[in-house]
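Residue numbers (our numbering), protein chains in the order written: chain A, 1 to 145; chain B, 1001 to 1113.
Treat the hints as calculated values from the structure; they're not laboratory data. Note that the structure is predicted; figures quoted are calculated from it, not measured. One or more hints might be untrue.
[Claimed, not checked] Footprint (simulated), chain B over chain A, 3 or more residues, beta carbon under 8 angstroms:
no.	stretch
1	45 to 59
2	67 to 76
[What the hints assert, rightly or not] Below, a list of computed lysine-lysine pairs in the DSS-like style, where the Cα atoms sit at most 27 angstroms apart:
no.	chain 1	residue 1	chain 2	residue 2
3	A	Lys84	B	Lys1091
4	A	Lys16	B	Lys1003
5	B	Lys1079	B	Lys1106
6	A	Lys143	B	Lys1091
7	B	Lys1072	B	Lys1100
8	A	Lys142	A	Lys84
9	B	Lys1106	B	Lys1047
10	A	Lys3	A	Lys74
11	B	Lys1091	A	Lys142
12	A	Lys16	A	Lys142
13	B	Lys1047	B	Lys1072
14	B	Lys1106	B	Lys1091
In this text, a Cβ means the ideal position worked out from N, Cα and C, and glycines have one as well.
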Amino acid sequence: MKKTTINEFAMVLAAKSENESFARQTVSAFVAQLDPTVPELADIRTAVSEAVTNSIIHGYRGMTGNNTVYITAKLFSDRSLSIKIRDKGCGIEDIERCRQPLYTTDPGGERGGMGFAIMESFCDRIRVHSTPGKGTTVTLHKKFS
Amino acid sequence: MLKTSSVEIEYSGGTLTCRLLGEVDHHNAPHLREEIDQEILAQRPEKVALYLGDIDFMDSAGLGLILGRYTKAQNIGAKLVLIEPTEQVEKIIRLAGTHKFIEVIKSTKEKAK
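Between the sequences and the hints, there should be enough to build the whole structure, so can you do that?
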């Protein structure tokens, strides 16, 4: 049977760390309508938090102005979720290197360098599209039981 | 600034127990680590125990907090242990391989051994 979209939402957030919690809780509430298991919900909440945090601290590093994070999500008839987290920040020069576990651009910042590893481990697949100077879009896919 | 996390710190018998509560993310981690580090420096304990059983949410910022406290503890010759991580916290700890060099005590029963 063809996969169809059963629900969707879009939101625009100021790139502030206060909004990390808001973003993951909103996504969590949206996904709850599929009645996922508690660990599934925790996984998607964590993956979203990593992506949004990356946009705020890496995408918009050193940039002033109205920095914004765009989130769009779709639920499909096969009980899967697709969620895009997009920023218009500095972009990533070397995506493969950024996806390596323990790689960090901020060694003094006490970040684990595990953001992408967590997204990859907690979702079924992730896609990263980035243009230096233009921004980054991370798409997370997860199918629920 | 909105805080959705806190840390309860107790020093007894050479052990500094830090009970993390709420959400440990990039927004909250700085104030948590500041409070813990102040006590590590003030008490200079033999052991730092991070109690992780009351965490509602943790991402890689929490992992950074754990690794940073491991370094701080080592710097003063103290040992860091992680107590009763929630299922989700343990998943992150294992994914990063942190359990290979930091002792994880899963229950207080185990702690009593």
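To see whether the hints hold, each was checked on the structure:
For the stretch 45 to 59 of chain A, the assignment as covered by chain B holds, since 7 residues bring a beta-carbon within under 8 angstroms of that chain's beta-carbons and 3 suffice. A stretch counts as covered by a chain when three or more of its residues have a beta carbon under 8 angstroms from one of that chain; for the stretch 67 to 76 of chain A and chain B the count is 0, and the coverage is violated. About 24 angstroms separates the Cα atoms of A/Lys84 and B/Lys1091, which keeps this hinted pair within 27 angstroms; it holds. Distance hint between A/Lys16 and B/Lys1003 is fulfilled; the C-alpha atoms sit about 14 angstroms from each other, no more than 27 angstroms.
Simply put, B/Lys1079 and B/Lys1106 have alpha-carbon atoms about 17 angstroms apart, close enough for the 27 angstroms limit, and the pair holds. Distance check on the hinted pair: A/Lys143 and B/Lys1091 sit about 19 angstroms apart at the alpha-carbon level, within 27 angstroms; holds. For the hint pairing B/Lys1072 with B/Lys1100, the CA-to-CA distance comes to about 18 angstroms; that is within 27 angstroms, so the pair holds. Restraint check for A/Lys142 and A/Lys84: satisfied, since their Cα atoms lie roughly 12 angstroms apart, inside the 27 angstroms limit.
Distance hint between B/Lys1106 and B/Lys1047 is fulfilled; the C-alpha atoms sit about 17 angstroms from each other, no more than 27 angstroms. Between A/Lys3 and A/Lys74 the alpha-carbon distance is near 12 angstroms, which keeps this suggested pair within the 27 angstroms criterion. Between B/Lys1091 and A/Lys142 the alpha-carbon distance is near 17 angstroms, which keeps this suggested pair within the 27 angstroms criterion. Taking the CA atoms of A/Lys16 and A/Lys142, the gap is about 26 angstroms. The hint holds against a cut of 27 angstroms.
At most 27 angstroms may separate the alpha-carbon atoms for a hinted pair to count; B/Lys1047 and B/Lys1072 meet this at roughly 11 angstroms. With a C-alpha separation of about 13 angstroms, the suggested pairing of B/Lys1106 with B/Lys1091 holds against the 27 angstroms cut-off.
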